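**Student:** The chain contents come next:
2 protein chains.
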Amino acid sequence: MAHGAGGRASDELLRTVILPGLGNDPRSALPDSVVLSNIGERLAFTTDSYTVTPLFFPGGNIGSLAVNGTINDLACSGARPLVLSLGLILEEGLEIETLSSILDEIRKATQLTSTRIVTGDTKVVGKGSVDKIFINTSGIGVIPEHIGRIAPNQARPGDAILLSGSIGDHGVAVMAARENLSFSSNIQSDCAPLHSLVASLMTATTDIRCLRDPTRGGVAAALNEIARSSRVGITIGEDAIPVHQEVNGLCEILGLDPLYLANEGKMVIIVPSDSADTVLETLKNNPLGSESNIIGHVTDDHHGTVVMKTTLGTHRIVDYPAGELLPRIC
Amino acid sequence: MAHGAGGRASDELLRTVILPGLGNDPRSALPDSVVLSNIGERLAFTTDSYTVTPLFFPGGNIGSLAVNGTINDLACSGARPLVLSLGLILEEGLEIETLSSILDEIRKATQLTSTRIVTGDTKVVGKGSVDKIFINTSGIGVIPEHIGRIAPNQARPGDAILLSGSIGDHGVAVMAARENLSFSSNIQSDCAPLHSLVASLMTATTDIRCLRDPTRGGVAAALNEIARSSRVGITIGEDAIPVHQEVNGLCEILGLDPLYLANEGKMVIIVPSDSADTVLETLKNNPLGSESNIIGHVTDDHHGTVVMKTTLGTHRIVDYPAGELLPRIC
Chain A
1 MAHGAGGRAS
11 DELLRTVILP
21 GLGNDPRSAL
31 PDSVVLSNIG
41 ERLAFTTDSY
51 TVTPLFFPGG
61 NIGSLAVNGT
71 INDLACSGAR
81 PLVLSLGLIL
91 EEGLEIETLS
101 SILDEIRKAT
111 QLTSTRIVTG
121 DTKVVGKGSV
131 DKIFINTSGI
141 GVIPEHIGRI
151 APNQARPGDA
161 ILLSGSIGDH
171 GVAVMAAREN
181 LSFSSNIQSD
191 CAPLHSLVAS
201 LMTATTDIRC
211 LRDPTRGGVA
221 AALNEIARSS
231 RVGITIGEDA
241 IPVHQEVNGL
251 CEILGLDPLY
261 LANEGKMVII
271 VPSDSADTVL
281 ETLKNNPLGS
291 ESNIIGHVTD
301 DHHGTVVMKT
311 TLGTHRIVDY
321 PAGELLPRIC
Chain B
1 MAHGAGGRAS
11 DELLRTVILP
21 GLGNDPRSAL
31 PDSVVLSNIG
41 ERLAFTTDSY
51 TVTPLFFPGG
61 NIGSLAVNGT
71 INDLACSGAR
81 PLVLSLGLIL
91 EEGLEIETLS
101 SILDEIRKAT
111 QLTSTRIVTG
121 DTKVVGKGSV
131 DKIFINTSGI
141 GVIPEHIGRI
151 APNQARPGDA
161 ILLSGSIGDH
171 GVAVMAAREN
181 LSFSSNIQSD
191 CAPLHSLVAS
201 LMTATTDIRC
211 LRDPTRGGVA
221 AALNEIARSS
231 RVGITIGEDA
241 IPVHQEVNGL
251 CEILGLDPLY
261 LANEGKMVII
271 VPSDSADTVL
281 ETLKNNPLGS
291 ESNIIGHVTD
301 DHHGTVVMKT
311 TLGTHRIVDY
321 PAGELLPRIC
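Protein sequence lines, in the order shown, are assigned to chains A and B.
One point on numbering: in my numbering, the residue at position 33 of the first sequence is 33, and numbering is uninterrupted.
One point on numbering: in my numbering, the residue at position 261 of the second sequence is 261, and numbering is uninterrupted.
By construction, these hints were calculated from the structure, which means they are not laboratory data.
One thing to keep in mind: the hints can contain errors.
Chain A stretches covered by chain B per the calculated footprint, using a threshold of three residues with CB under 8 Å from any CB of chain B [to be verified]: (1) 72–84; (2) 107–121.
Below, a list of computed lysine-lysine pairs in the DSS-like style, where the Cα atoms sit at most 30 Å apart [to be verified]: (3) B/LYS127 x A/LYS127; (4) A/LYS284 x A/LYS108; (5) A/LYS132 x A/LYS108; (6) B/LYS108 x B/LYS284; (7) A/LYS127 x B/LYS309; (8) B/LYS132 x A/LYS132; (9) B/LYS284 x B/LYS309; (10) B/LYS108 x B/LYS132; (11) A/LYS284 x A/LYS309; (12) B/LYS284 x A/LYS132; (13) A/LYS127 x A/LYS108; (14) B/LYS108 x B/LYS127.
Because the structure is a prediction, the values reported are computed rather than measured.
Cβ coordinates follow ideal geometry from the N, Cα and C atoms, glycine included.
Whenever a hint applies, use it, and build me the whole structure from the sequences.
**Tutor:** Following this line, the structure appears as structure tokens:
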């Protein structure tokens, strides 16, 4: 508890564990507030809290998730991520080794994305008041001048809907790690930063309508949000949606629908139909988008509703997810 | 748990409780990320997590604390606070009524400070995984053009040290509420936003060296940080430091030193000595600074150390706080 009290022990934790762990200079504090000069005219600002259990899972961990998740939220506005804040809430008794491993993953994820943790805060709470560690990352990114408005309410009838790869891997990987489902040992979270994929898209076309990372609630929630915000209908084809065979298998056993599972390294992209082929090619040229596909289109029918043409040729409504499938996986 | 799963129940919580509670339009979501255009050349960026127990205490609550604390961190860079993010981590089973009361306090605090919650995130975690509610607020503020660098490493020998009012009220109020110390019923937290006080200071003088809100670790931690960052000595006078009689009484009974208690509505201000009288007058003209005083000065001796001349005429070192006094009060 002393490590969170703002005194010598807090300072020691900061200088011997947190700052070195993040790769920051231990002689200079992580300030309560930081000054940013002339970073750009249009900025994106986002926040997200990460409470995933377990802290480490195949393909990722709470540290990489906290960096990549916030970077992907910024990328969804078309922004180049620049700086992040880091709010740690630690449980009394958390092993320093666990904390160090998480900080190391945060460091690696920021290095990989050329972002920096510029301001931070650490709280320590009593045993049982938090589940080991919760992380909040907020972020600021810069939107390039030539980019128009990218938002969930910008979809228009006729637009093409693309998905940057297979879905459900993160949701299944976390659930399998939590429940010790050994038969699913090959499934890895897709946790990845998508800012470079988005940057390459913005080079290929200036006309992007919506970008959405389908995290909690999956592709179903992302598409429903777009259909509602844009007051349009959305039609997708089941056979066009990439799902890894193992994920599909596990979903069938457990009665889950991959459309509702969380992803942490995928993007839903909506562009005018005449740009769709260029965008698909650009996506496929990026290792993070090699399994991309055009999965459907925006219509002027059934406003606010997502409809899927199934592999059997029938149509079904893909509703907003009703409750929880997998708690706390993103 | 369904309220945190990103589907219909999450959406319902957002539209029927969170958005109306914050005074935002329930028809427009609180976006994952927001675009800010042309807000200023120099920005301050800060983050803080709030884990206070109890959630409501005399003079404040976790909602007002989360807004004012982040506003005060921005004010310490000389910034005018502009926008905030709101990250909520809720415990499964938290009463909607409690959440609504907290959101109402957040709404009032943002209205009072002309700030806005522009982006947010809500997670719900299993019972026992969090202590009712934790809040993270990050904030962005704009630093006026004429203001120079204000930072803990800018103090210089000869500078005057001012304190904007009496200390220890917040720390004692929270402890009393937690421990049900009925004899301390008149002590209220000083929780308040200090941006207008800082704005009036910056009108009075352009030459402010350091601003520091003495929260966790109290005035002792704030002054030690400045002494160390600026590589100077600091000397303060015990009789110059305002402490309310009731706070002093309770501290004597419990063996606490007010210098180490948290404050949530006070500012330590360091300015060149020839500006000290003007600054003091400006502070005293503001209701939030009516008990301000010049409490000491910066020296070229005992670098990195804070020394206090006691009421008995002796000198003692005011060390960095060693461990915890009052856990989780800010």
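**Student:** Take a quick look at whether A/LYS127 and B/LYS309 sit within 30 Å of each other, Cα to Cα.
**Tutor:** Between A/LYS127 and B/LYS309 the Cα gap is close to 40 Å, so the pair fails against 30 Å, i.e. violated.
**Student:** Verify the proposed pairing of B/LYS132 with A/LYS132, using a straight-line Cα cut of 30 Å.
**Tutor:** holds (16 Å)
**Student:** Hint check: B/LYS284 vs A/LYS132, CA-CA at most 30 Å. Holds or violated?
**Tutor:** Measuring from Cα to Cα gives roughly 45 Å; hence the hint is violated.
**Student:** Taking 8 Å as the C-beta cutoff, is the stated coverage of the segment 72–84 of chain A by chain B satisfied by three or more residues?
**Tutor:** Holds: 6 residues of the segment 72–84 of chain A have a Cβ under 8 Å from chain B.
**Student:** Checking one constraint from the list: CA of A/LYS284 to CA of A/LYS309, max 30 Å. Satisfied?
**Tutor:** holds (24 Å)
**Student:** So if I understand the rule, the pair passes when the alpha-carbon distance is 30 Å or less; does A/LYS132 with A/LYS108 pass?
**Tutor:** holds (21 Å)
**Student:** Has the given pair, B/LYS108 with B/LYS132, been kept, meaning a C-alpha gap of at most 30 Å?
**Tutor:** holds (21 Å)
**Student:** Hint check: A/LYS284 vs A/LYS108, CA-CA at most 30 Å. Holds or violated?
**Tutor:** holds (25 Å)
**Student:** Can you take a look at whether the segment 107–121 of chain A is actually covered by chain B? Rule is 3+ residues, C-beta closer than 8 Å.
**Tutor:** holds (count 4)
**Student:** Hey, B/LYS284 versus B/LYS309, does the alpha-carbon distance stay inside 30 Å?
**Tutor:** Holds, at roughly 24 Å.
**Student:** Please work out if A/LYS127 and A/LYS108 have their alpha carbons no farther apart than 30 Å.
**Tutor:** holds (29 Å)
**Student:** Is the hinted pair B/LYS127 and A/LYS127 satisfied, with a Cα-Cα distance of at most 30 Å?
**Tutor:** holds (14 Å)
Of the numbered hints given earlier, the model fails hints 7 and 12; all others are met.
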